[in-house]
Amino acid sequence: MIRNNLYLLLSGACLLGYSWIALNYLDPAFSDNKYFNGCLIKAITGIPCPSCGTTRSVLALSRGEILNSVMLNPFGLIVLLILLATPVWILVDLLRKKETLAQCYRYIETLLLCPGVAIPVIAIVLCNWIWNIYKGL
Amino acid sequence: MEASKVDMFIMANAKNFESYQLSQIRDKLIAADESKWPMVQMVQLKDPSTSLIISIFVGHFGIDRFIIGDVGIGVGKLLTCGGFGIWTIIDWFMIQGATREKNMEKMQQIL
Chain A
119 MIRNNLYLLL SGACLLGYSW IALNYLDPAF SDNKYFNGCL IKAITGIPCP
169 SCGTTRSVLA LSRGEILNSV MLNPFGLIVL LILLATPVWI LVDLLRKKET
219 LAQCYRYIET LLLCPGVAIP VIAIVLCNWI WNIYKGL
Chain Z
14 MEASKVDMFI MANAKNFESY QLSQIRDKLI AADESKWPMV QMVQLKDPST
64 SLIISIFVGH FGIDRFIIGD VGIGVGKLLT CGGFGIWTII DWFMIQGATR
114 EKNMEKMQQI L
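Chains A and Z are the protein sequences, given in the same order.
Position 120 (the first sequence) corresponds to 238 in this note's numbering; numbering is contiguous.
Position 92 (the second sequence) corresponds to 105 in this note's numbering; numbering is contiguous.
Hints are supplied without guarantee of correctness; some may be wrong.
[As the list claims (entries may be wrong)] Just a few of them, taken from the derived set where beta-carbon distance is under 8 Å, the chain Z residues facing chain A: (1) 84; (2) 91; (3) 92; (4) 95; (5) 97; (6) 101; (7) 105.
[Unchecked claim] So, partial list: chain Z residues that the calculated Cβ filter (under 10 Å) puts toward chain A: (8) 25; (9) 26; (10) 74; (11) 86; (12) 93; (13) 94; (14) 99; (15) 102.
Because the hints were derived from the structure by calculation, they are not lab data.
Backbone N, C-alpha and C fix where the C-beta goes; we use that ideal spot for every residue, glycine too.
Kindly produce the complete structure, drawing on both the sequences and the hints.
What follows is the structure, encoded as structure tokens:
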């Protein structure tokens, strides 16, 4: 992907992520209705998907409840890290006229395509999904 | 390369590329050296119909994007409940085009 497209996509995603978290922060019952809870699978089947509970996990982290957030969904940590790091990284890259984020993105893409990395990652996601269903998020 | 060989390749793989890309691929293949033929035959092109089926059933987890090689977007979809379900639905319509674009990228790497 061309650098500018990638940065545009990432900034858009971050903006949406921040807005979603802000909406849920201001009104904790925002995504707690039966019409739209942010997850298609949960809305249709009632079974949580692997990343259900991420919003609650990020909100718990913002209150400083690390253990609580990991117990909700460990993906919250990854999402918060991405949300915090990406805008700063994009700004630094734009100011320095470099493309370290794009290089890092490409490196992670190739890394995740290696079977040695992909299989453990898939296993972790599946385990997390089973845990999510068990917790009944 | 021989025009007949190239035309056979184009006929067999026409569905894997956008229609406007076909003439460009044909010209490039004809201009290419004969030694590139084994590589052209070996390149693994993804079928847009398969990615559409994957997108409809497991697109929520970003697996359609993983399959075509867009790992970053796949992770994004996985971590956000399929982009709050909206991206999943958008990708039902986008994934075939995205697959063809990825196939074109693969061809461009060889040629």
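These are the hints, each one checked on the structure:
Because the closest C-beta pair between residue 84 (chain Z) and chain A is about 4 Å apart, less than 8 Å, the hint holds. Checking residue 91 (chain Z) against chain A: minimum C-beta separation of about 6 Å stays under 8 Å; hint holds. Contact between residue 92 (chain Z) and chain A, as hinted, is supported at the beta carbon level, the nearest pair being about 5 Å apart and thus within 8 Å. Given hint, residue 95 (chain Z) at the interface with chain A, holds; its Cβ is 6 Å from that chain's nearest Cβ, closer than 8 Å.
At its closest, the beta carbon of residue 97 (chain Z) sits 5 Å from a beta carbon of chain A; the interface hint therefore holds under the 8 Å criterion. A cut of 8 Å between beta carbons decides the hint on residue 101 (chain Z): the least distance to chain A is about 6 Å, and the hint holds. A distance limit of 8 Å between C-beta atoms decides the matter here; for residue 105 (chain Z) the minimum to chain A is near 12 Å, and the interface restraint is violated. The interface hint given for residue 25 (chain Z) is broken, as the beta carbon of that residue sits about 26 Å from the closest beta carbon of chain A, more than 10 Å.
At a threshold of 10 Å, the smallest CB-CB gap from residue 26 (chain Z) to chain A is about 23 Å, leaving the interface hint violated. The interface hint given for residue 74 (chain Z) holds, since its Cβ lies 7 Å from the closest Cβ of chain A, which is under the 10 Å cut-off. The restraint placing residue 86 (chain Z) at the interface with chain A holds, with a minimum CB-CB distance near 8 Å, inside the 10 Å limit. At its closest, the beta carbon of residue 93 (chain Z) sits 7 Å from a beta carbon of chain A; the interface hint therefore holds under the 10 Å criterion.
Checking residue 94 (chain Z) against chain A: minimum C-beta separation of about 4 Å stays under 10 Å; hint holds. With its C-beta approaching chain A no nearer than about 8 Å, residue 99 (chain Z) sits inside the 10 Å limit, and its interface hint holds. For residue 102 (chain Z), the suggested interface contact is upheld, since its CB lies about 8 Å from the closest CB of chain A, less than 10 Å.
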